[in-house]
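Novice: Chains as they are written, first to last, in this note's numbering: chain A, 1 to 904; chain H, 1 to 113.
If you're looking for bench data, these hints aren't it; they were derived computationally from the structure.
Where hints are given, some of them may not hold.
Stretch-level coverage of chain H by chain A, calculated; a stretch enters the list once three of its residues show a Cβ under 8 Å from a Cβ in chain A [claimed, not checked]:
1. 34-40
2. 54-65
3. 69-79
We put the CB at the ideal spot given by N, CA and C, even for glycine.
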Amino acid sequence: MSLLASLRSVVSTLLRRRRNENDLDEELRAHVQNRADDLERSGLTRHEAERRARIEFGAHQKFKEECREALGGHLIQVLLQDTRYALRILGRTPLITAVALLSLALGIGANTAIFSLIDTVMLRLLPVRQPEELVQILRNDPSRAVSATASFTNPLWEQVRDHQEVFSGTFAWSDSQFNLAQGGAVRYVSGIYASGDFFNTLGVRPAAGRLFSDVDDQRGCPATTVLSYGFWQEHFGGEPSAIGSTLPLNNHTFQVIGVSAPGFYGVDVGRKFDVAVPVCAASFFDGKESRLDHRSWWWLSIMGRIKPGLSTEQLKARLAVLAPQVFAAAVPQDWDVNGQQRFRKRTLVAVPAATGTSYMRKEFSQPLYILMSVVGLVLLIACANIASLMLARAAARRKEFAVRKALGASRPRLIRQLLTECLLLSTAGALLGVLYARWGTALLVRYISTASNKVFLDLSLDWRILGFTAAVAVLTGLLFGILPALRSTRVSLTSAMKGGSQCQGSERRGRFRPGKWIVASQVALSLVLLVASGLFLHSFFKLVTLDLGFDRRDVLLVNANLKSAELPPARQNLVFDDIESRLAAIPGVVAVGRSVRTPVSNFEWNQHIQADSPDAPKGDDALVFFNFISPGYFPTLRTPLLEGRNFDSRDTESSVRVVIVNQTFVRKFFPHSPALGQFVRTDDSPGKRAPAIQIVGIVRDSKYESLREESYSQAFFPASQIPEAADAENFELRAERIPSDLISAIQDASRQVNKGISLDFHSLAAQVDDSLVQDRLLATLSTFFGGLALLLAMIGLYGALSYLVTMRRAEFGVRMALGAKPASILSLVMKDVAVVLGGGVIAGALISLLTVRFLQKMLFGLTAHDPVTMVAAIGLLSAAAFLAGYLPARRAMRVDPMVALRYE
Amino acid sequence: MPSQAQILPGTLDLLILKAVSLGPLHGYGVLLRIEQISQGALLVEQGALYPALFRLVRQGLLKASWGTSENNRRAKFYELTSAGRKRLRQEADGWNRLAAAIASALSTQPEEV
Numbered sequence: 001m002s003l004l005a006s007l008r009s010v011v012s013t014l015l016r017r018r019r020n021e022n023d024l025d026e027e028l029r030a031h032v033q034n035r036a037d038d039l040e041r042s043g044l045t046r047h048e049a050e051r052r053a054r055i056e057f058g059a060h061q062k063f064k065e066e067c068r069e070a071l072g073g074h075l076i077q078v079l080l081q082d083t084r085y086a087l088r089i090l091g092r093t094p095l096i097t098a099v100a101l102l103s104l105a106l107g108i109g110a111n112t113a114i115f116s117l118i119d120t121v122m123l124r125l126l127p128v129r130q131p132e133e134l135v136q137i138l139r140n141d142p143s144r145a146v147s148a149t150a151s152f153t154n155p156l157w158e159q160v161r162d163h164q165e166v167f168s169g170t171f172a173w174s175d176s177q178f179n180l181a182q183g184g185a186v187r188y189v190s191g192i193y194a195s196g197d198f199f200n201t202l203g204v205r206p207a208a209g210r211l212f213s214d215v216d217d218q219r220g221c222p223a224t225t226v227l228s229y230g231f232w233q234e235h236f237g238g239e240p241s242a243i244g245s246t247l248p249l250n251n252h253t254f255q256v257i258g259v260s261a262p263g264f265y266g267v268d269v270g271r272k273f274d275v276a277v278p279v280c281a282a283s284f285f286d287g288k289e290s291r292l293d294h295r296s297w298w299w300l301s302i303m304g305r306i307k308p309g310l311s312t313e314q315l316k317a318r319l320a321v322l323a324p325q326v327f328a329a330a331v332p333q334d335w336d337v338n339g340q341q342r343f344r345k346r347t348l349v350a351v352p353a354a355t356g357t358s359y360m361r362k363e364f365s366q367p368l369y370i371l372m373s374v375v376g377l378v379l380l381i382a383c384a385n386i387a388s389l390m391l392a393r394a395a396a397r398r399k400e401f402a403v404r405k406a407l408g409a410s411r412p413r414l415i416r417q418l419l420t421e422c423l424l425l426s427t428a429g430a431l432l433g434v435l436y437a438r439w440g441t442a443l444l445v446r447y448i449s450t451a452s453n454k455v456f457l458d459l460s461l462d463w464r465i466l467g468f469t470a471a472v473a474v475l476t477g478l479l480f481g482i483l484p485a486l487r488s489t490r491v492s493l494t495s496a497m498k499g500g501s502q503c504q505g506s507e508r509r510g511r512f513r514p515g516k517w518i519v520a521s522q523v524a525l526s527l528v529l530l531v532a533s534g535l536f537l538h539s540f541f542k543l544v545t546l547d548l549g550f551d552r553r554d555v556l557l558v559n560a561n562l563k564s565a566e567l568p569p570a571r572q573n574l575v576f577d578d579i580e581s582r583l584a585a586i587p588g589v590v591a592v593g594r595s596v597r598t599p600v601s602n603f604e605w606n607q608h609i610q611a612d613s614p615d616a617p618k619g620d621d622a623l624v625f626f627n628f629i630s631p632g633y634f635p636t637l638r639t640p641l642l643e644g645r646n647f648d649s650r651d652t653e654s655s656v657r658v659v660i661v662n663q664t665f666v667r668k669f670f671p672h673s674p675a676l677g678q679f680v681r682t683d684d685s686p687g688k689r690a691p692a693i694q695i696v697g698i699v700r701d702s703k704y705e706s707l708r709e710e711s712y713s714q715a716f717f718p719a720s721q722i723p724e725a726a727d728a729e730n731f732e733l734r735a736e737r738i739p740s741d742l743i744s745a746i747q748d749a750s751r752q753v754n755k756g757i758s759l760d761f762h763s764l765a766a767q768v769d770d771s772l773v774q775d776r777l778l779a780t781l782s783t784f785f786g787g788l789a790l791l792l793a794m795i796g797l798y799g800a801l802s803y804l805v806t807m808r809r810a811e812f813g814v815r816m817a818l819g820a821k822p823a824s825i826l827s828l829v830m831k832d833v834a835v836v837l838g839g840g841v842i843a844g845a846l847i848s849l850l851t852v853r854f855l856q857k858m859l860f861g862l863t864a865h866d867p868v869t870m871v872a873a874i875g876l877l878s879a880a881a882f883l884a885g886y887l888p889a890r891r892a893m894r895v896d897p898m899v900a901l902r903y904e
Numbered sequence: 001m002p003s004q005a006q007i008l009p010g011t012l013d014l015l016i017l018k019a020v021s022l023g024p025l026h027g028y029g030v031l032l033r034i035e036q037i038s039q040g041a042l043l044v045e046q047g048a049l050y051p052a053l054f055r056l057v058r059q060g061l062l063k064a065s066w067g068t069s070e071n072n073r074r075a076k077f078y079e080l081t082s083a084g085r086k087r088l089r090q091e092a093d094g095w096n097r098l099a100a101a102i103a104s105a106l107s108t109q110p111e112e113v
């Protein structure tokens with residue numbers, strides 16, 4: 001039957017319903033009348049005849065129901081009837097319904113929120129033409145045991161582009177950010193370098209103007225740019241006149257040629273592009289050594305669209321043939337012979353890229369899976385709560401079920417009715433939950449977004465998220481509905497009808513048993529969550545209170561870029577010196593330092609160091625992490641100088657090369673002899689002997705790029721002796737209090753030196769915090785959900801005990817009438833609490849011990865089996881449980897024997 | 001009154017078809033007809049008749065129409081469709097074969113084994 005036809009039949013059945021109902025009544029009535037006529041003829045009075053006829057007919061309602069069933073179209077009627085009835089029942093206990101709905105919305109919403117992040121980051125296909133044909137090309141070095149890497153040089157990319165024959169299209173791209181401001185405070189937009197075939201190969205269409213083609217991406221190309229749809233709306237108000245207008249990027253004028261289609265954010269999941277420029281535009285921003293010809297500047301990623309019909313095996317074989325040719329043509333000439341040989345032997349690998357690429361997959365997949373399990377547990381606990389609510393309510397409805405059964409309702413019919421109620425609840429909860437998840441997901445994305453790493457995710461709902469939520473809703477409904485439905489419909493007619501609301505002695509204890517099980521499992525699951533959140537919190541606390549080797553408080557970082565000021569390299573150091581002394585003169589500034597890199601930033605500079613020491617390490621152990629600093633650096637960051645002297649005006653470009661090293665450096669290079677005054681040197685560059693550098697000072701160890709690192713060997717060199725002038729350097733300003741006009745004072749000072757200097761501001765504390773995104777995410781969310789779980793378990797225990805106390809009120813009354821003291825009643829109830837709690841805690845502790853090792857990788861400074869955390873979690877849970885149990889127990893204690901007995 | 005037997009499950013449909021095949025009947029009439037043709041030996045639970053009738057109508061074996069009964073009451077009359085007639089023949093054959101087989105089995109004497 002076609003969909004339309006079956007729909008029509010359903011509708012007509014529903015319309016016919018009333019007539020059918022009347023017909024049925026009339027037919028059955030006629031039967032009884034006919035029978036009564038016959039009986040009357042046999043000598044009975046009319047009244048007696050009708051009575052007998054009705055008795056002979058049997059269970060009138062039951063047969064009517066069977067007739068309706070035989071009539072067909074029945075299921076939908078039943079469903080509507082059940083729904084109507086369920087709404088009425090739910091509306092009768094608004095408080096319970098609201099509590100159930102709220103916990104469901106919270107539980108399902110949290111699950112949907114985390115799942116939509118997993119979906120968006122890991123599962124969703126790129127919104128481009130036939131994404132399953134896309135592969136990313138990686139390079140592999142067979143001589144090293146490291147996984148394949150994604151970055152390529154431009155000469156390599158040009159080789160791949162010009163010589164491959166396995167792809168119907170290839171493209172290269174690179175993430176970047178461009179400064180819209182011309183001097184002064186920076187205004188970054190996120191950008192990509194895109195090769196000529198980028199949009200074409202992906203199958204992205206223009207929303208206005210045109211997109212790049214091959215001719216836009218050739219050496220010496222004009223400065224053109226394509227905007228994303230969002231940026232066009234935001235920055236140009238969606239005006240068509242934007243096409244043909246100009247945009248300054250890093251102080252260079254670009255002409256807008258088009259806008260890409262809405263919904264396309266690039267191929268990197270987790271970020272979006274505002275502007276795209278052709279790869280060839282890199283030459284505008286580089287000095288004399290452009291990255292277009294640089295053979296060891298790894299900055300491009302490559303993707304291709306496989307020709308239809310080409311198998312994975314064929315692709316592999318063709319890439320194996322292509323690789324030697326590609327690498328041979330782009331060997332870096334300045335590498336040593338060995339290095340060059342290894343370079344030639346590199347291979348190309350293709351991996352599926354239908355979902356795009358993302359750094360987030362590596363960084364966040366584990367936290368996301370952990371959070372998914374956490375919210376799954378929370379939902380289970382919420383389910384358990386609702387199940388006990390339903391159980392208690394069903395017990396109160398025993399009489400109703402008995403009456404309905406007596407009137408001919410079958411048990412499956414009653415079960416269906418109860419399940420309808422539950423599914424109605426869970427569906428409503430899911431709808432609310434989706435709304436709350438939308439908000440929650442956006443909040444989470446903002447939470448993991450940092451100043452240096454803005455996360456953008458396309459959070460639109462897709463069928464996968466909706467399907468997930470629907471499945472969760474149905475499963476939850478069945479989960480909390482099935483046990484109460486099965487139990488409560490197993491009523492014996494006679495006992496329910498005569499027994500009143502209080503039940504008979506034999507049933508009393510049995511009735512609390514499933515409730516006990518449910519509460520004990522809630523306690524167990526809550527303990528697991530509390531242990532996990534305790535671990536994350538403990539680990540996070542260790543991280544934030546860690547001694548970093550510098551004082552992060554009250555330090556403002558100012559990144560000053562001279563690029564657009566267009567100064568000769570020889571003058572750059574003088575300009576930085578000039579700015580530094582002007583910044584020091586700003587009122588409120590306590591100390592100023594300057595450095596090429598700032599602590600705990602992504603920028604890394606390391607080289608091998610040789611020392612004339614018998615114990616000097618070789619190979620990777622000799623790798624030292626560099627920084628170039630002004631004399632003000634250590635005092636400003638409050639890193640103590642342990643031995644020797646700080647840099648000063650004696651250390652100039654032409655004086656003896658000097659270095660200050662940290663404790664780890666000394667431990668590694670000079671374990672047995674004094675380091676101060678010794679000479680070290682870097683590896684020689686081809687044809688040039690590296691100069692000797694004298695160690696003049698030793699400082700305390702400090703963190704270099706991450707709080708989790710073991711201490712690195714570090715070497716600090718005077719900024720005046722930097723081998724190659726840097727375009728951008730950083731100033732560290734320590735201010736007693738951050739005055740509101742500090743930033744404008746800094747801008748003024750910099751403008752007085754040169755109007756073209758771009759400035760970017762961060763605080764050191766925020767920079768350190770931003771490196772802890774994952775840890776903070778896990779600690780905050782798991783604590784939130786752990787607290788939620790605890791609350792739910794308390795509500796569950798409270799509810800179950802209240803129910804128990806109500807049930808046993810008469811018993812308590814009798815006990816007290818016979819002389820029991822309130823305290824013994826209290827201990828009677830609290831014994832129940834202790835049993836449930838004990839069972840739950842033992843089970844929960846066992847589950848925790850078995851599962852926490854999966855968390856080990858995310859923890860810092862403690863083992864997953866940390867006993868302190870376990871004991872604290874058990875203590876907290878027990879305290880909460882006794883609190884939740886005490887309130888109903890106190891009520892039991894105050895039972896007035898007379899009232900209780902009279903009620904019975 | 002002769003001794004009465006509960007009808008076997010599944011045979012109610014067959015009896016209804018047979019009863020209706022002798023002429024259109026309303027529900028109560030079906031009941032009386034079954035009593036009559038079984039000489040009162042088969043007892044039909046009155047209410048159970050109707051779900052069975054509805055089911056047979058839905059299966060297309062019977063068709064129902066409203067008319068007036070012999071005592072001037074509005075009544076729903078059931079009659080056999082051609083599909084119903086065919087089904088009656090099949091079911092009756094099946095039943096007779098089964099009854100004959102069981103009868104023959106039960107009448108077996110020791111010396112015949």
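Novice: Indicate, hint by hint, whether the structure satisfies it.
Specialist: Hints, one by one, checked against the model:
| no. | hint | in the structure |
| --- | --- | --- |
| 1 | 34-40 | violated (count 0) |
| 2 | 54-65 | holds (count 3) |
| 3 | 69-79 | holds (count 6) |
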